[in-house]
Amino acid sequence: MTNPPAAVPAAGADAALAALLLSVDPSGLGGAVLRAAPGAPRDQWLAALRARLPAGAPFKRVPLHITDERLLGGLDLATTLRTGRRALQRGLLAEADGGVVVLAMAERVTIATAARLAAVLDSRSVTLERDGLAARIPAAIALVALDEGIEPDERAPAVLLERLAFHLDLAGLDPRAALAVSADAAAVAAARLRLPSVALPEDLLTALVTTAAALGVHSARASWFALRASCALAALRGAGAVGEADAAIAARLVLAPRATRLPAAPEDERDETDEPAEAEPPTAEPAAANDEPAPPPQALDESAEVVLAAARAAIPAGLLAQLQAGLVRRPQRGAAGRAGALRGGALRGRPVGIRAGLPERGARLDLVETLRAAAPWQPVRRRAAAAAGDASARRVRIEGADFRIRRFKERSETTTIFVVDASGSSALHRLAEAKGAVELLLADCYVRRDRVAVVAFRGRGADVLLPPTRSLVRAKRSLAGLPGGGGTPLAAGLDAALAIADAVQRRGGTAVLVLLTDGRANIARDAAPGRGQAEADALQSARGVLAAGLNALLIDTSPRPQPFAAQLAGEMHARYFPLPHADAAALNRAVRLAATATS
Amino acid sequence: MRAVFPFSAIVAQEEMKLALLATAVDPTIGGVLVFGDRGTGKSTAVRALAALMPPMRVVVGCRFGCDPDAPATHCDECRARRRKEPLPSRRAPVPVVDLPLGATEDRVVGALDLERALADGVRAFEPGLLARANRGFLYIDEVNLLEDHLVDLLIDVAASGENVVEREGLSVRHPARFVLVGSGNPEEGELRPQLLDRFGLSVEVRTPGEIGARIEVLRRRDAFERDPAAFVARWQRKDAAVRRLILRARELIDDIDVSDALLEQAARLCLKLGTDGLRGELTLMRAARAVAGLEGARTVDLTHLRRVAAPALRHRLRRDPLDDSGSSLRVERAVADVLGA
Chain A
1 MTNPPAAVPA AGADAALAAL LLSVDPSGLG GAVLRAAPGA PRDQWLAALR ARLPAGAPFK
61 RVPLHITDER LLGGLDLATT LRTGRRALQR GLLAEADGGV VVLAMAERVT IATAARLAAV
121 LDSRSVTLER DGLAARIPAA IALVALDEGI EPDERAPAVL LERLAFHLDL AGLDPRAALA
181 VSADAAAVAA ARLRLPSVAL PEDLLTALVT TAAALGVHSA RASWFALRAS CALAALRGAG
241 AVGEADAAIA ARLVLAPRAT RLPAAPEDER DETDEPAEAE PPTAEPAAAN DEPAPPPQAL
301 DESAEVVLAA ARAAIPAGLL AQLQAGLVRR PQRGAAGRAG ALRGGALRGR PVGIRAGLPE
361 RGARLDLVET LRAAAPWQPV RRRAAAAAGD ASARRVRIEG ADFRIRRFKE RSETTTIFVV
421 DASGSSALHR LAEAKGAVEL LLADCYVRRD RVAVVAFRGR GADVLLPPTR SLVRAKRSLA
481 GLPGGGGTPL AAGLDAALAI ADAVQRRGGT AVLVLLTDGR ANIARDAAPG RGQAEADALQ
541 SARGVLAAGL NALLIDTSPR PQPFAAQLAG EMHARYFPLP HADAAALNRA VRLAATATS
Chain B
1 MRAVFPFSAI VAQEEMKLAL LATAVDPTIG GVLVFGDRGT GKSTAVRALA ALMPPMRVVV
61 GCRFGCDPDA PATHCDECRA RRRKEPLPSR RAPVPVVDLP LGATEDRVVG ALDLERALAD
121 GVRAFEPGLL ARANRGFLYI DEVNLLEDHL VDLLIDVAAS GENVVEREGL SVRHPARFVL
181 VGSGNPEEGE LRPQLLDRFG LSVEVRTPGE IGARIEVLRR RDAFERDPAA FVARWQRKDA
241 AVRRLILRAR ELIDDIDVSD ALLEQAARLC LKLGTDGLRG ELTLMRAARA VAGLEGARTV
301 DLTHLRRVAA PALRHRLRRD PLDDSGSSLR VERAVADVLG A
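So the protein lines, in turn, are chains A and B. Counting with this note's numbering, you get residues 1 to 599 for the letters of the first sequence. Counting with this note's numbering, you get residues 1 to 341 for the letters of the second sequence.
Hints are supplied without guarantee of correctness; some may be wrong.
Cβ-Cβ distance ranges computed for the label pairs, FRET-style [unchecked claim]:
#, chain 1, residue 1, chain 2, residue 2, range
1, A, 506, B, 337, 32 to 38 Å
2, B, 149, A, 40, 23 to 29 Å
3, B, 271, A, 540, 55 to 61 Å
4, A, 184, B, 120, 40 to 46 Å
5, A, 196, B, 83, 56 to 62 Å
Covered by chain A, per the in silico footprint, the following chain B stretches (three or more residues, Cβ under 8 Å) [what the hints assert, rightly or not]:
#, segment
6, 62 to 74
7, 81 to 89
8, 133 to 146
9, 188 to 199
10, 231 to 245
11, 304 to 315
Some chain B residues flagged as far from chain A (calculated, every beta-carbon gap over 10 Å) [claimed, not checked]:
#, residue
12, 8
13, 53
14, 77
15, 221
16, 263
If you're looking for bench data, these hints aren't it; they were derived computationally from the structure. Every residue, glycine too, gets a C-beta built ideally from N, C-alpha and C.
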């Protein structure tokens, strides 16, 4: 493990360093998210971390669908029944106190589980209020979230990411290269001892905070983690105080991956590249739009510049490109809303209480509640049993009527995908009315707590204006800014919607497609103009919608209903609504009807 | 027991601090919802408030922490006891009870005491979190992720101030008047309107924009983590001063004058914003009075009203899911219109 760091790529070296720092200060740094497919680099990283933890430190794996009683703890039934006294069974998080918890498939974890983990990371303890037990159990842990997401939006919930110091992407690492970690367990142990006394000079504290602000990293937790990481680095060097280099490395490791905007380069261009990022962040909440603290315009002293330059240089390539293109979606915000909504727990459902009933047909028995139901009857039943000659008087007697089962809500979440024709022909007619129609539908989605996504097609292709979200304000904003004009690539629009629908369905959700078009397809799937091929492609995509089993609704936005639009609706088995000529009330009715019919 | 970060050491976030203090002065304001950015010290502030609260008097041996001086609010047990003997009392810290997300229903409302039922065959009620929170604070972090069946329970109890338990052959009712404090990040999901309504005040927290404030946040946190005891000791005097403010305000509050003209202003403000029901006006007045009390004023004036208008009203506006001008902005505009700049 302690090979010289010769041929290791930079990402590997940083990942190795992160493992090292985490082993020095596990609960102080919260943990790391490892974005990587299962394989050698990931295993090596975990092994490197584990090898440097204090002797005997727990190293536990949390499966994806862990139940609350295993995660947090609950009643130890065996002991409780044997002794007649309530006994507590510690959960996995409490068992991992002082060690590391590895969360598998973090990109799929439910927001509920993520929030429980977050609470434990924050308080370094488990607050247990379950099964008639109340306890506060220490659980100072570091969490390693294994994120196997492939799509950019498949990632661990933001509520967790926020609380983990390191966001590492091992995808580019050579699986054959050994992960070179520069210090062994003894060196780490020494650093751990030294850590509490490491001082942080005031100018470096300022440098870290300024760097965070310049990168658009606003959470105090991120700066805090950078501070802790710089202290751990100093401790590893054997230094008594954080040096400039430590702060620079810490900024590179902790702050750069969180960047939501590109800091102005030190000397030259106070450029326009960061303008668009600031100008229109499609933020989730309206209030956020004006809270952007301006990056510090001057006042960067020397060490702040060093630290910022280090962080700037380490902004991941993909993120850098996005930032430069002004495409930054403020990952924390955008991703958060989505992650939260996506993982609303459709798979196993949320518990919605307990009721009497037998644990059959897959219903889950709630043992504690069953016992509670049975408990008051024990003396009576024992007497009755004794009278009937049954000698086993000490056993707890449970009868059919005592059984309690847990109810789960298996509501699968609906995502309504709006596919809006913004082509020239449509824009001429009634892009505005189409937008109005979408807004009506949006209001309805709000009532039903659906998620919405918006795809627009115009010119040569389709754009996902808004990936699935619950934020209707964002949906509205994405539509409001939608320009019209160009050809009608209907097939591309449907294909983009199908891709979203596929992702929704893979997660157990239901997708509803609402297509607003005048049906005048004239751009084929390969972006070539020509009505014939364009219509053929559109019909083919429509059959794809049918095959995917999507509920669909087509709103014909042309002044006179188009036969092709009706045909398209027919291929999709969609409801077909010609947008009545300038009749808001009728439109309203149509939309209401459609919304209830598709729900 | 871990040391708690001192309330007075919290940097910026004035609206949040004011709202929390106002409910500490007058619990009938009805709770605080703290919504906003991550890493802004939402739960830190709530826990800090807990450490700051002056102790209260409770009936000795009462499981619900009844107030010896308020017989009208007593639980059945205290009512029965006081017919036989004068109720003994003692000082106790104000409870600040955590309702964690993984809590089960039996722990929240209370349930049959399993141990006693199994061992002795006795049917005894074991109070839950709602009982423990009586006369104190019930804190829910990530309140928007709380499971629906727990939300239902809370909605009911928070409105009635009484917890009615009918389960496992138990039939128990006990007082459960608490200040509901919730925090969360709106991106994880929205709050049911019914629950939203139970919060008297709603504050939005954001990361301080100023670099200096951010540096100070980190500096204080660093100092706290390095030596919690010394840090707490250093802020003890400031915390004590805040505690005295709360106590003084509580004494003043019954005598604080609210003029008819001011009541009319408040009513006009609510009318302008189209808030549903009278709760908005009531909260507005109570909060303004509490703020006046905190400042040691004898009468409520426009400045007090202005300071509490946004937290008291922003979550009561009729929801328009498509209105992207934030509710804070709408309140601000109405305040400017009605109360003048």
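Cross-check of the supplied hints:
Checked against the given bound of 32 to 38 Å, the beta carbons of residue 506 of chain A and residue 337 of chain B, roughly 50 Å apart, lie outside it. Taken as a hint, the range 23 to 29 Å is violated for the pair residue 149 of chain B and residue 40 of chain A, whose Cβ atoms sit roughly 45 Å apart. Distance hint check: the CB atoms of residue 271 of chain B and residue 540 of chain A are about 57 Å apart, consistent with the given range 55 to 61 Å. The given range of 40 to 46 Å is broken by residue 184 of chain A and residue 120 of chain B, whose C-beta atoms sit roughly 58 Å from each other.
Taken as a hint, the range 56 to 62 Å holds for the pair residue 196 of chain A and residue 83 of chain B, whose Cβ atoms sit roughly 58 Å apart. Note: the segment 62 to 74 of chain B has 0 residues with beta-carbon separation from chain A under 8 Å; the three-residue rule is not met and the coverage is violated. Taking a C-beta to C-beta cut-off of 8 Å, the segment 81 to 89 of chain B contributes 0 residues in contact with chain A, too few for the three needed, and the coverage statement is violated. A count of 3 residues in the segment 133 to 146 of chain B with a Cβ less than 8 Å from any Cβ of chain A is obtained; the coverage claim is therefore met, three being the minimum.
Closer than 8 Å: that is the beta-carbon criterion, and the segment 188 to 199 of chain B has 3 residues meeting it against chain A, so the requirement of 3 holds. Look at the segment 231 to 245 of chain B against chain A: 0 of its residues bring a Cβ nearer than 8 Å to a Cβ of that chain, fewer than three, so the hint is violated. Look at the segment 304 to 315 of chain B against chain A: 0 of its residues bring a Cβ nearer than 8 Å to a Cβ of that chain, fewer than three, so the hint is violated. Every Cβ of chain A is farther than 10 Å from the Cβ of residue 8 of chain B; the closest lies at roughly 18 Å, confirming the non-interface assignment.
With a least CB separation of 19 Å from chain A, residue 53 of chain B remains clear of the 10 Å interface cut-off, as annotated. Non-interface call for residue 77 of chain B relative to chain A: holds, since the shortest CB-CB distance, roughly 20 Å, exceeds 10 Å. In this structure residue 221 of chain B is not separated from chain A by more than 10 Å, as the shortest Cβ-Cβ distance comes to only about 6 Å. With 10 Å as the threshold on Cβ separation, the claim that residue 263 of chain B sits away from chain A holds: the shortest Cβ distance comes to roughly 29 Å.
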